[in-house]
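Whole structure, please, built from the sequences with the hints as guidance.
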Amino acid sequence: MNLFSRIRLHSNRLTASQKRIVQFLQASAGEALRLPINKLAERCQVGDATIIRFYRLLGYDNYSMFRIALSRETGEQEMRPIYEDVDSQDGLAAIIHKVIHSSIQGIAELEQQLSQTALARIAHRLRQAAFIHVIGLGASGVVAQDVMHKLMRLGLKVNAYTDSHLMTIAATVAQPQEVFFAVCHSGETTDIIRTLELAREQGCYTCALTGYMNSGITRLAGDYLLSSTRETKMRSDAMISRIVQLVVIDILYVRLALQIGDEATDRVNQSRIALKQLRGGAGSK
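Residue numbers (full-length UniProt numbering): 1 to 285.
If you're looking for bench data, these hints aren't it; they were derived computationally from the structure. Just so you know, these numbers come straight off a predicted model, no measurement behind them. We put the beta carbon where it would ideally sit given N, CA and C, even for glycine. Some clues are possibly wrong.
Quick list of simulated restraints, FRET-style, between CB atoms [claimed, not checked]: (1) Gln23 with Ser64: 17 to 25 Å; (2) Ile95 with Ile169: 38 to 46 Å; (3) Asp250 with Ile100: 36 to 44 Å; (4) Gln277 with Arg72: 47 to 55 Å; (5) Val142 with Lys276: 19 to 27 Å; (6) Arg121 with Gly91: 41 to 49 Å; (7) Asn159 with Asp61: 39 to 47 Å; (8) Met65 with Glu31: 17 to 25 Å; (9) Lys39 with Gln128: 38 to 46 Å.
Dropping the structure here:
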């Protein structure tokens with residue numbers, strides 16, 4: 001995972017001093033690359049110890065490893081412009097290009113963020129679950145509905161809750177063989193956190209799809225999948241993240257479908273035929 005992807009995953013928990021480091025790296029990555037640790041600290045108006053805590057937070061053991069990661073990031077940015085901001089003077093063609101390419105870049109970076117181990121474990125637990133509860137509020141509720149739709153077509157027992165009261169009730173009466181799958185970009189939505197707490201008290205396996213590594217939800221989830229993206233002036237990270245989250249769900253769906261095998265193919269075909277009949281297609285009465 002590249003340097004700025006790691007920074008985004010921790011951005012909700014950065015201190016004011018650490019945010020100054022990020023701002024300097026974003027504005028002057030080339031200059032930062034040439035500075036020893038004490039000079040970088042001076043330019044960021046922080047102490048040497050703050051720089052050390054910062055790169056260790058990101059998973060780098062020493063300053064040399066941090067600088068190597070920064071050099072790679074600088075090289076990538078020189079090769080391709082990414083996440084271009086839409087300007088008030090942009091015409092429709094420019095808007096189309098920039099929005100599409102920012103979304104493409106978000107999806108491309110997903111390959112570095114996704115944990116194959118967590119993905120495999122979540123797929124296994126979903127397949128073995130007696131019942132799957134998918135929870136999400138607001139825009140995350142739309143993604144939760146998509147999770148339910150896909151898992152249902154595979155023949156899994158599943159429901160999605162986009163209401164705080166209903167998800168609370170579901171968690172309170174859940175059995176240990178059931179699974180709770182939370183969708184929450186911020187990772188800090190109080191009602192989602194409370195539902196996961198209740199589910200864990202009932203002995204349920206919990207998992208999540210979220211945008212930040214250090215959050216209330218990641219501390220409660222047995223496994224979690226990350227979908228962090230950069231924000232632009234016109235589109236927040238949460239907006240772009242919806243697209244990326246749907247891609248993650250597609251990956252999970254394909255993994256499950258392949259594991260279930262021919263039975264999954266039959267179930268998908270059966271649901272497709274039934275829906276076609278509802279639309280007045282062949283075989284409808």
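Now for the hints, and whether the structure bears them out:
1. With their beta carbons about 23 Å apart, glutamine 23 and serine 64 fall inside the hinted range of 17 to 25 Å.
2. In this structure the hint that isoleucine 95 and isoleucine 169 lie 38 to 46 Å apart at CB holds, the actual value being about 44 Å.
3. Take aspartate 250 and isoleucine 100: their Cβ atoms lie about 18 Å apart, and the range 36 to 44 Å is violated.
4. The given range of 47 to 55 Å is respected by glutamine 277 and arginine 72, whose C-beta atoms sit roughly 54 Å from each other.
5. Our hint of 19 to 27 Å for valine 142 and lysine 276 holds, since their Cβ atoms are close to 24 Å apart.
6. A hinted range of 41 to 49 Å holds for the C-beta pair arginine 121 and glycine 91, which are about 47 Å apart.
7. Separated by about 45 Å at the C-beta atoms, asparagine 159 and aspartate 61 satisfy the suggested range of 39 to 47 Å.
8. At about 19 Å, the beta-carbon gap between methionine 65 and glutamate 31 stays in the expected band of 17 to 25 Å.
9. At roughly 54 Å, the beta carbons of lysine 39 and glutamine 128 sit outside the given window of 38 to 46 Å.
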